[in-house]
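Take the two lone chains, each set in its own frame, and fit them into one complex as the hints suggest.
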Amino acid sequence: MHIVNHRKFYYCLSAILIVLSLAAISFWGLNLGMDFKGGSLLEIQYNSARPEVAGIEASLKPLALGDVSIRTAGDNGLILRFRSVTDAEHQSISKVLGADGISVVETRFSSIGSVLGAEAGRKSILAIGLVIIAIVLFITFAFRKVSEPVSSWKYGLIAILALAHDVIIPTGAFAILGHFAGYEVDVLFVTAILVVLGFSIHDTIVVFDRVRENLKVAKSLNRRVGFSTLVGESISQTFVRSINTSLTTIIALTVLYILGGEVTRHFALTLIIGITAGTYSSIFLASPLLVTIERWQQRNRK
Amino acid sequence: MWKRRMFAILLMLVAVAVGFFVYSTETAISPYAFKLGLDLKGGTHLLYEADTSSVATGDVAASMNALRDVIERRINIFGVSEPVVQVSSGSVFGANTPRLIVELPGVTDISKAVDAIGKTPLLDFRLVAPGITDEKDITGKKFDETFIATGLTGQYLERARLEFDQNSGAAEVSLSFNKDGSDLFEKITKNNVGRILAIFLDGDIKSMPVIREAITGGKAIISGGFVGQEGRVEARQLVQNLNLGALPLPIKLISTESIGATLGEQAVSSGIRAGLWSFAIIALFLILWYRLPGLVASLSLLVYVALNLAIFKLIPVTLTAAGIAAFILSIGMAVDANILIFERLREELARGRSLNDAITEGFARAWLSIRDSNLSSIITAVILYSLASTSLVKGFALVFAVGVLVSMFTAITVSRNLLRAVEFETVGRASKFFFGSGFK
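Read top to bottom, the protein sequences are chains H and F.
Heads up: the first sequence at position 127 corresponds to 126 in numbering that gives the first Met the number 0, and the numbers run straight through without jumps.
Heads up: the second sequence at position 402 corresponds to 401 in numbering that gives the first Met the number 0, and the numbers run straight through without jumps.
Hints are not guaranteed to be accurate.
Computed from the model, here is a short list of chain H residues facing chain F with C-beta under 7 Å [to be verified]:
{"#": "1", "residue": "S113"}
{"#": "2", "residue": "L115"}
{"#": "3", "residue": "H201"}
{"#": "4", "residue": "D208"}
{"#": "5", "residue": "V254"}
{"#": "6", "residue": "L255"}
Everything labelled a hint here was simulated from the structure, so no lab data went into it.
Just so we're clear, the structure is a prediction, and the values are computed from it rather than from any experiment.
C-beta: ideal position from N, C-alpha, C; glycine also.
This is chain F alone, in the form it adopts within the complex (with noise of 0.2 Å):
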């Protein structure tokens, strides 16, 4: 008996213990600090579809995650504390274009974010057609005809840099590629001595110079668009613009989500208080009902939500509104173990059975309904968290999983601990009292 009620008291001092952890990590510099979703702390999520019709299947993925280092060099540049780019993995249900996501905390002023990233420049380089030699020639042909991609794009960019023309004074812009870009422009060059390979910046023609020999050692020029002072500053800043990084693809921005701090502190914050008093409530409710086991379910709930919180924090589980809503509803299905349990307990003890045997039945009993019960819900996260197509219920299915989970792990070990170390060894008037049920 002893040795239970030690193990009980070890029990609660861990509970308390996680509780602690729970609280003391609650500072602005702590790693450990609740992670909240966009939608709670305020910030911009912005998500993008990528046209990738001019890219061959297999590099899809690789361009893809081109396409993110660039926005993540431009948003670095932009100045924004933990920044999300990320590329959507598109399940298998979902849509088959790519599509990437990004998250800005703290930043609520979208279009200069918008701004930010898609005003990159899509830098291009194409053929023109043999037989072309001004404009007339293009009417009635398809852009792909006229203009042969060579794949040669912003993505083999390595710099770019603002020069003058030695002569003129005029404006130009020099551009290096890396390795991979520089071979490729070598090829290009070669093979196509005299033709004319087009420079195009987000889908206009920018120079039209024609190639007089093979280029090795990978350095191209964009002259001859640039004039004057105004040409100077366009210049100026499209050397900016490529050095952030040219897109290597084009990108269309599909939806927008931005939400102010204030309306997200109002959300956390009447989160918290629903939160405290349903637990409240709940643990008036089960005292008054199931007594002493009552008692000790509302102390296992208490575990069960530091247990909860600290499993958010070490996981870390990014909160959102509807987190915090699968949370408080968590709470209350988490008593759903314990009220089996208890009414098992009860039907046992009036089966004539001693206290401790009603109690290794009532849990024995209890534990496949509590096991099959649980497994559905869990069942409907799993199936939630793939098919979500919002942040929002996502974040709900996280947490209801893992609700689920704990009030499971708390129910059998955590109640059945404190209800064998508060158990009486006589079945007398007291514990049958305390062990009874209902408002009589």
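Excised from the complex, chain H in its bound form (with noise of 0.2 Å):
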């Protein structure tokens, strides 16, 4: 089987990978969203044409809101940004940018204060922290059975680094695209990667499944083959699943990042990167470090 057989160069393309990614979190970290840091956005519509920047930017000065970011948003509109505010100073900054009898609407405004956001950044990590350990549990049940020639265990154990794998290269993305491209991390990210580790864990339990009932069926057939083929012959028995699953799932949210909203657009582009890693990590490093496992248990054993 091809994927067993060179299964280091595939091994390499994700540590390279992994490596990057995690050069560029450590690098120039993640961009936190307001979801995390507290903060607050304003989005507003002007009825007329929109006056410039850098005189609302003034004119906000008085008001001490810290750094203002101000983004133009379709013909007459304007997102706003800044630390988090009561609404007495919510309200003084309405009256500063309706001044001079100039009509604008606010068509969303959202103020997270800092405390919230410090919770709901413990909280995501606490629920990746769940999440990896539920499953990790779960493969170690579902698998408790097999036994030889690598144990129950172990699948678990490939199964985190697989995960590790799925959450680094999303996250190395994000960490690319928000230096780059201003990319926030928030809460739909947290999510989103959550969602991968669900799907990526639906591939791996796929394919270890196959393993499992192959080795099932070499056994009652007394047939003797090498681990390293049965492993190789599982993969390419799910390879077209696997890919066939994954492309519908990416074509869905491929449509969605085009089409859908703007909130769910991140959401759904850190979905696809997550996917891909995930569908990449089943196939081409979960099953091949079966094999990789199982000879080193031999090389030790002699």
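This is the structure:
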């Protein structure tokens, strides 16, 4: 089987991507959104021509809003970002923006306190941790009857490695996108990562399940076959299915990315990157790693 | 064979009925119309944190409920349709300070809403510590030492009335307490004759009457603070606000979210468009690749969509932008069970089994994979739902979980029965083509 035989090449490819991602994360860091940092977002729509951004910046200066970022949106719209504000401060901002009788409509306003942001951050990390633990326990349980030649907890261990791979790559991608394009990491990003975890394990389980079944069949037929051949067969039997499933999911997500609303655009992108990484890790990483582990065990036995 | 076909036709009829239910209930008056979240229909979401430091731990839940009732009353006066006022139960991992969620559909003027909720007067009766006669005695002492809480607050107020002093004509506010409040008031006044009972409004002293005797009947009067015409207006407003309900606990606004209806409408229409297109492209792919089973899978996917939408209406699930995304994602993932089955089917056919056996075998073998792999998605959804920090994420998790469960159901019922209904008796060239796969 091609994938099993050339597994080192695929390991290298993953390793390079992981190193690049980790470098991007540690070098540039993640561009945390207001969900985690706290802050405000105000989207406004002018009924007439929009005034100059510089002028608005100057008129907001006396309100001491900290770093104010102003981005144009649509023909006559603006999106303003600043620190989290009280309702009184919000009212004075509205007054400044609507000064001189300019007709302006606030289409969206949200303000999140920093305490709440920190809490969302803690919850997100907790959720990721819990999902990983639950999944590993689940795999260990589902594969508890498989012990030869690789014991069931090692299936769980490999699953963790694959999951780490699937989390690190989209996170790295967002570190890069955050640095160059200002993409932010928000609660939807974390949600997407969790979905990727579920999806990727879904894929990994299908291949492992095949290995489990083929081991059983080989045993009952008394067929003597090398473990690497067996894993290779299992991969090729599930290959089309894995690719097709991911393909239909990615079709749905791409359509969502192109046609869907603004709110879920980055969310769809995170999922597209994550699911691609997840499918790759299930086929090219997780299953060949079973063979690698089996080889190590044999070498140690000798 | 005909029995199977009849059954499949019956199944499709049921599906059509479900689809008709989904379609026909999309009217403004139907109780089964889709429930849209605030981010889709426009409105304001406010999150308050309540300061419960003055309440005994055991009474927190009760005073939070009292707080909710009061705010609900205020909002009802404000005239919002279908408002939501909810005490956030605070999950195990969440903050320990209780929170109150207020959702106001259709309201985008936040300031007005915040005013209506937050400007409710906080009424508090406190005994002045003995030995304090004028302001000089207060300096250097802590607030709680000077003014001792009695536990009598606006929570016990039944109603307030505007009255006028018979002699001076000055405005006064008379307060009547409810049963519990009257008892408490009587006890306080009985035990503290000769002391001063200060009446605080929003943290400011409004009146400092001396207790002359035990007061039964639960009536108190705030007087002296309302001078002249301005005082009258102030007193009238106070009475109005007090009658709407004084807040039993101080609250602080910690998060605001408000979305205009137009942005929401755009999100809905782009969501629907994305859903339709992804369904069409996926169905096309399935039919091209898996041919006849692909067509069956597409039909089954259609049933899946109808069933899901019907469940959203029946539970009902509040749809958010993230929920729509979850639904579109689940359309992509729902195909998986079918693909697993078809790949198995193809293998069994390649082994030389008859079509009938192959279908049975294919389903049986694929089931374990389907069950195990979907369980992991359900685990994810449950954790996401219980730890969600925003309603956006909660909406996502719920739709995702429903989607996964329904997809398992449609794969093993609809796909199986439809496939059995279209199977061919003979293994001929035609069936080989229709049950083959790939673009060959």
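Each hint, compared with the structure:
no. : hint : verdict
1   : S113 : violated, 10 Å
2   : L115 : holds, 5 Å
3   : H201 : holds, 4 Å
4   : D208 : holds, 5 Å
5   : V254 : holds, 4 Å
6   : L255 : holds, 5 Å
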